[in-house]
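Q: Note that the UniProt record's numbering numbers the sequence shown so that position 191 is 191, with each residue one more than the last.
Keep in mind the hints are simulated off the structure, nothing from the lab. One or more hints might be untrue.
What the hints assert, rightly or not - Here are the simulated SDA-like cross-link-like pairs (lysine to any residue), alpha carbons at most 20 angstroms apart as the crow flies:
hint	residue 1	residue 2
1	Lys203	Tyr225
2	Lys79	Ala187
3	Lys37	Val70
4	Lys203	Met137
5	Lys92	Tyr63
6	Lys92	Glu170
7	Lys79	Pro91
As the list claims (entries may be wrong) - Each pair of labels, with its calculated beta carbon distance range:
hint	residue 1	residue 2	range
8	Gly115	Asp194	33 to 41 angstroms
9	Glu140	Gly102	45 to 53 angstroms
10	Asp84	Pro215	45 to 53 angstroms
11	Arg12	Pro215	25 to 33 angstroms
12	Leu202	Ala77	27 to 35 angstroms
Cβ coordinates follow ideal geometry from the N, Cα and C atoms, glycine included.
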Amino acid sequence: MFDDRIELSNWRECAAGHQRSIFENRLYPSVLIKVLKLGSREASGARISKRAFLNRFKRFGAYRTFRREVDEFLEQARKFSLADGIELPIPKIFGFAQTEHGLGLVVEKITRRDGQLAPTLAQLAFSGQLTARHLTMVDEIFERFRRLHIVMMDVNPGNFVVTDRRGDDELICVDGTGEKSFLRIFALSRPANDIKLRRMRLKLLTKLARILEHPAAVPGDKSVYAALTRHSKPTGRYLRLSTASPHPALLAALLSSVPV
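Construct all of the structure, not just a fragment, from the sequences and the given hints.
A: Below, the structure is given as structure tokens:
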């Protein structure tokens, strides 16, 4: 797709997570480029880890998350042909590109019908626009994960976006897929993965409940708050706002970026 090194100075950073930044460019409206933040990798691509010294020397270094994401997409994509007409609940992966920030993963950009970046569940929750239909979509996507045997590394409300690009609203998981277990237990065992997915779903609902309880959140549908209250666990601090999308420090921008 890209024949030369990509200068991300010509791209706009549209989202950021704990370890990665995501860039978009209006000249390439169907793709995003994910790159690792400088603080999460060394110049050689080795992982910077304060908790586990040996992590610095593992194969693929800081790019292991890329490998897991690519592995999961390959595992799912191999099952179907274009004739099957199956749309996966995860973005397509188009390849890699060299950038001034290191190796970048080129992925499908999930947008609304108007071409704007699809809002995340975190954005909708903060802006008071989370509905009962969105909670139903959470159940639906996890059922699809179960049927397709999609393995998750982690869940975060910022990793799930709501798009209407095919007419009806649907939920897409844009990050957090892949096998993290050294023994690949969840990739090899459907029953084990089903149990993990049930835990992941509850974890996602718990995080959504905490977002609604945050003092900066805009009040929304009371029935949604009531449905999520049972998933809220006592905590001495509010849920940290750093999600995969959008910029964690710019809460005002987060709220203004969601259409009313």
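Q: Please go over all the hints and tell whether each is borne out by the structure.
A: Structure-based check of all given hints:
1. Lys203 x Tyr225: Within the cut-off at roughly 16 angstroms; holds.
2. Lys79 x Ala187: holds (14 angstroms)
3. Lys37 x Val70: Holds, because 19 angstroms separates the two Cα atoms, which is no more than 20 angstroms.
4. Lys203 x Met137: The given pair, whose Cα atoms are some 15 angstroms apart, holds under the 20 angstroms limit.
5. Lys92 x Tyr63: Distance of about 18 angstroms is within 20 angstroms: holds.
6. Lys92 x Glu170: holds (16 angstroms)
7. Lys79 x Pro91: Holds, at roughly 16 angstroms.
8. Gly115 x Asp194: 33 to 41 angstroms: holds (37 angstroms)
9. Glu140 x Gly102: 45 to 53 angstroms: violated (36 angstroms)
10. Asp84 x Pro215: 45 to 53 angstroms: holds (47 angstroms)
11. Arg12 x Pro215: 25 to 33 angstroms: Holds: the Cβ-Cβ distance is about 30 angstroms, inside 25 to 33 angstroms.
12. Leu202 x Ala77: 27 to 35 angstroms: holds (28 angstroms)
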